[in-house]
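**Q** Listed below, chain by chain, are the residues.
2 protein chains.
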Amino acid sequence: MYLTDKKVVVLGAAGMIGSNLVQDLLSTGTASRIVMYDPFEKGLQGAAEEIYHCAYPGARVTWTTAMAEALDGASYIISSGGAPRKEGMTREDLLRGNCEIARNLGEDIKKYCPEVEFVIIIFNPADITGLTALVHSGLKPGHVTTLAALDSTRLQTRLMQFFNVAQDEVTGCRTFGGHGEKMAVFKGEIAIQGVKLTEILNSGATVNGKGMSQEEWAEVQEHVRNGGAKIIQLRGRSSFQSPSHQSVEMLRGRIQSGGYPWPCGVYFKEGEFAHVMMAADAEFTGDGLKGHIPQGDAEDMAALRDSYEHLKKLRDEIIQIGLLPPVDEWNRVNPNL
Amino acid sequence: MYLTDKKVVVLGAAGMIGSNLVQDLLSTGTASRIVMYDPFEKGLQGAAEEIYHCAYPGARVTWTTAMAEALDGASYIISSGGAPRKEGMTREDLLRGNCEIARNLGEDIKKYCPEVEFVIIIFNPADITGLTALVHSGLKPGHVTTLAALDSTRLQTRLMQFFNVAQDEVTGCRTFGGHGEKMAVFKGEIAIQGVKLTEILNSGATVNGKGMSQEEWAEVQEHVRNGGAKIIQLRGRSSFQSPSHQSVEMLRGRIQSGGYPWPCGVYFKEGEFAHVMMAADAEFTGDGLKGHIPQGDAEDMAALRDSYEHLKKLRDEIIQIGLLPPVDEWNRVNPNL
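As you go down the protein sequences, you meet chains A and B in turn.
The end of the first sequence is residue 337 by this note's numbering, with every number in the run present.
The end of the second sequence is residue 337 by this note's numbering, with every number in the run present.
Among these hints, one or two may not hold up.
Calculated lysine-lysine pairs in the DSS-like style (CA-CA distance at most 27 Å, straight line) [what the hints assert, rightly or not]:
id : chain 1 : residue 1 : chain 2 : residue 2
1  : B       : Lys-42    : A       : Lys-42
2  : B       : Lys-210   : B       : Lys-196
3  : A       : Lys-182   : A       : Lys-313
4  : A       : Lys-269   : A       : Lys-230
5  : B       : Lys-140   : B       : Lys-230
6  : B       : Lys-86    : A       : Lys-86
7  : A       : Lys-182   : A       : Lys-196
8  : A       : Lys-86    : B       : Lys-42
9  : B       : Lys-182   : B       : Lys-86
10 : B       : Lys-140   : B       : Lys-312
11 : B       : Lys-230   : A       : Lys-42
12 : A       : Lys-210   : A       : Lys-196
13 : A       : Lys-230   : B       : Lys-42
14 : B       : Lys-182   : B       : Lys-312
15 : B       : Lys-312   : B       : Lys-290
None of these hints come from the bench; they were simulated from the model.
Kindly produce the complete structure, drawing on both the sequences and the hints.
**A** Now the structure itself:
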């Protein structure tokens, strides 16, 4: 009835993302055995009660404010347990507080569930919180990832709206690198009703009688870069349904060893993009995920390098603060890095 | 990929229940073609964007602030489009405002989608808003229902917690009549791990080494009666995940002509419980739902009659206000009644 009966832990389960996550794990038939953790007991109990009142057949949902109890025997962890982003804040404003939470989470994983199979970090700035959790957890890089799909699904959405087509007629949308203003929007694989975006931009091809100028493409990218802020402006709260659902889809990809179509947060041990966690092409295998360095034209690759530099700067801030050791000492904390 | 590709309209789609409904319709694989309606354009657009960012394959989701456009060609309608219940309010406080909305909805259905197959009314007090919408819609009684499951799932939850068993080991939980303080909690069919509650209460049977006194049973019922208020107290907002998910389950029952296990809002044309809408046993058929008068012991039936009297009083208030015609004139507005 469910894809897995292994223990799935949702951290931050009293929050908007976390409580939605639990519902979506059950509604999609993904996981039956869920532990809801949050330090805020009252809200957690209320969120758990709501899930009970949904009456999912076969569900085994419990809640706890004790991290050790939550993590004990966990197979999968999805953590939305950071401080939320408020209107006007950039993701980077959240850096310090949430990286401290991420370091604690990494240490708790090492202590309480070193055998965990897969950890998905959602809380912002996810690139850096995911990296921080990975380093301190002692886990293999393929066992820790971050939600990295939303910029790409926002790009797909914007192009759907621009060309007035069905959403899944827009294919190949991929943004790589970081998630902030420095994300790298790759255009090479994008097609609308099968027509390559590059042909639309460079050769005047049209879809639904509509072309797209370079200025309009720049506007689309700008729109995507501000996608998160736009949700806050429209709804008066940061996005929670899409991060939740895409995290569930990632977990499904992990359990099924494939079939997840969007970029994921990937840690590269070596090569040009080493020692950060960034959105990249990823392949789900029986042992977590395997990243691939994105391929694009000179302009796209330059954007990715720029984004990588930005991520390194954020990482170095965290090292400076003391929440991460210097890069060349990481393998003392985590021999897998 | 989805149970239906027919048009499903979600009214109140900018709200907490409505936006969750859209997500749950998609995550459960129930409906692909959804129109989100709400008068609040900004919030509606934000909610729609979130759904797009979820990137459900095969989904065709649109949004509109125009009721005529929303309802045109609708096969199914789920309406959470009332004013929300705030802390300290009883459901009855909402009576007048929401019944006006319900009357308008009924008239709009008659005008724009008289062929609609099934309408589920969620907004409170649902017994009366559902009745008001039914009368004005001109639809058959089996084509309009209200969400009536949550009191029963709350009862199941409370008994699960009391006996410390799995949720679906508590079976036969049913509350009938109204949803307010006057709900009738029927005990005859309830069993915990197969042990009848009546045997536990009357013959000292135990489950998990635990019995239940009449006082404890009274406390359980009291807890259930205050279930909605308890969620508000714990979460600072009224329940939205459970009403949303159970509404989706009802629609699945309708589409599949069966399989929905909880009470539904039913209108009886004749007999002892005629001319209100109340929680009753219901059977999903190819032509909507067919209600059955609940059967219980003398105590349970007395509670149901009491609840029915309360619903009639609420109904008569609405007639007094002028939002419903007198009962003997209903068939002029709706020949199916």
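**Q** Each hint should be assessed against the structure and marked as holding or not.
**A** To see whether the hints hold, each was checked on the structure:
Under the criterion of a C-alpha separation no larger than 27 Å, the hint pairing Lys-42 of chain B with Lys-42 of chain A is inconsistent with the structure, at around 31 Å. Pair hint Lys-210 of chain B plus Lys-196 of chain B holds up; C-alpha atoms about 13 Å apart against a cutoff of 27 Å. For the suggested pair Lys-182 of chain A and Lys-313 of chain A, the alpha carbons sit about 12 Å apart, so the restraint of at most 27 Å is met. The straight-line distance between the Cα atoms of Lys-269 of chain A and Lys-230 of chain A is roughly 35 Å, outside the 27 Å bound, and the hint therefore fails.
Restraint check: the Cα-Cα separation between Lys-140 of chain B and Lys-230 of chain B comes to about 35 Å, which exceeds 27 Å; the hinted pair is violated. Between Lys-86 of chain B and Lys-86 of chain A, the direct Cα distance comes to roughly 24 Å. Compliance with the 27 Å bound is thereby established for this hinted pair. Taking the CA atoms of Lys-182 of chain A and Lys-196 of chain A, the gap is near 24 Å; set against the 27 Å cutoff, the hint holds. Distance hint between Lys-86 of chain A and Lys-42 of chain B is fulfilled; the C-alpha atoms sit about 18 Å from each other, no more than 27 Å.
Taking the CA atoms of Lys-182 of chain B and Lys-86 of chain B, the gap is about 20 Å. The hint holds against a cut of 27 Å. For the hint pairing Lys-140 of chain B with Lys-312 of chain B, the CA-to-CA distance comes to about 20 Å; that is within 27 Å, so the pair holds. Distance check on the hinted pair: Lys-230 of chain B and Lys-42 of chain A sit about 11 Å apart at the alpha-carbon level, within 27 Å; holds. Only pairs whose Cα atoms come within 27 Å are accepted, and Lys-210 of chain A paired with Lys-196 of chain A is accepted, the gap being roughly 13 Å.
Under the criterion of a C-alpha separation no larger than 27 Å, the hint pairing Lys-230 of chain A with Lys-42 of chain B is consistent with the structure, at around 11 Å. Taking the CA atoms of Lys-182 of chain B and Lys-312 of chain B, the gap is near 12 Å; set against the 27 Å cutoff, the hint holds. Of the supplied pair hints, the one linking Lys-312 of chain B and Lys-290 of chain B holds, its CA atoms being roughly 21 Å apart against a limit of 27 Å.
Of the numbered hints listed earlier, those contradicted by the structure are 1, 4, 5.
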